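A.B. asks: From first to last, the protein sequence lines are chains R and C. Heads up, the first sequence is in my numbering, so the first residue is 1 and it goes up one at a time. Heads up, the second sequence is in my numbering, so the first residue is 1 and it goes up one at a time.
There's no promise every hint is true.
[Claimed, not checked] Derived lysine to aspartate or glutamate pairs resembling EDC-like cross-links, with alpha carbons at most 20 Å apart:
(1) Lys52/C <-> Asp44/R
(2) Lys44/C <-> Asp78/R
(3) Lys74/R <-> Asp140/C
(4) Lys130/R <-> Glu71/R
(5) Lys74/R <-> Glu139/C
(6) Lys61/C <-> Glu105/R
(7) Lys52/C <-> Glu5/R
Note that these hints are calculated values from the structure, not bench results. It should be emphasised that the depicted structure is a prediction, and the values quoted were computed from it without experimental measurement.
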Amino acid sequence: MSNSEHYIDSDEEQTVLIIMTSGPSTPTRCATPFFVGSILAAMDAEVRIFFTMEGVRLVQKGVAENLTAMEDGKLIIDFMRDAKAAGVQLCACMPAMPGYNIDMENDLIDEIDEVVGGGVFADLILTSDKVISF
Amino acid sequence: MDCNGCEFRPELYYDKEFQIWVSKQDDGSLRVGMTDISQSIAGKIMHIRVRKPGTRRPSGKPVATIESAKWAGPIPNFMDCVLNEGNPEVLNNPSLLNQDPYGMWIANVTPDLPVEESLASFLTGEEAKKAYCQRAIDEDIHCERLEQK
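Isolated chain R (complex conformation):
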């Protein structure tokens, strides 16, 4: 028998902000935000993943392409690409970059949709229906 768990009942389109502060020093924390983001986007939520603090390392070329959450697991960049394919927007925090010596003009992966400042980040926090931090 199928039951209500098998059906999505909500028609409400919500905005979700996922704040990604984890990075390569904690690889086991680096896959789930994209996985959850993909599911939320597939359920019609408008999802943004905002990379800040150590999270910005994941948008630096050569990092997510060589990082897995578990041994021999799927690359983090592929989790990020799946999320994008599901409709998730990827945003990076401009003020966090100098602390990690990231050159905004040349070092960012192509998957990033926008690089924004702290004011936009604050706006997103205040206006999103749900805010989750990893």
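Please arrange chain C on chain R, whose structure you already have, making use of the hints.
C.D. replies: The following block gives chain C in isolation, referenced to the frame of chain R:
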């Protein structure tokens, strides 16, 4: 043409990226399922959730969500339609999609427009097969099935 072991059914209709297949039903409804390429990319499917029956789905809004151990995402939708039902067999045992992707449909929908008009942008037949194989080769996708128990 060798499609890296990915099965193709010429009688079905496909989106341009071959994520889903669509088949016509006698009552004017359409069945939607996932291709051999899609189930292979996803890996063993653990959970599936379909939009509630009676829900209107505009083009671009998914009809279902799929989760495997390594992949999560939508079953996309390319037409304005109403969702009639999810396939109870698949809802209760999602890995059937990995065993028999073309035998197991996910959702039954009724398009707003006449069927032929709704399927106008889909690919089918030999033209579709060529593009389907090309995607498997270009992206080095090798299809694998879960064994049926």
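A.B. asks: Work down the list of hints and note, for each, if the structure agrees.
C.D. replies: Status of each hint after checking the structure:
About 13 Å separates the Cα atoms of lysine 52/C and aspartate 44/R, which keeps this hinted pair within 20 Å; it holds. A hinted pair counts as satisfied when its Cα atoms are at most 20 Å apart, and lysine 44/C with aspartate 78/R qualifies at roughly 17 Å. Among the hinted pairs, lysine 74/R with aspartate 140/C is consistent with the structure: their alpha-carbon atoms are about 16 Å apart, no more than 20 Å. Distance check on the hinted pair: lysine 130/R and glutamate 71/R sit about 32 Å apart at the alpha-carbon level, beyond 20 Å; violated.
Taking the CA atoms of lysine 74/R and glutamate 139/C, the gap is near 16 Å; set against the 20 Å cutoff, the hint holds. Of the supplied pair hints, the one linking lysine 61/C and glutamate 105/R is violated, its CA atoms being roughly 34 Å apart against a limit of 20 Å. Restraint check for lysine 52/C and glutamate 5/R: satisfied, since their Cα atoms lie roughly 10 Å apart, inside the 20 Å limit.
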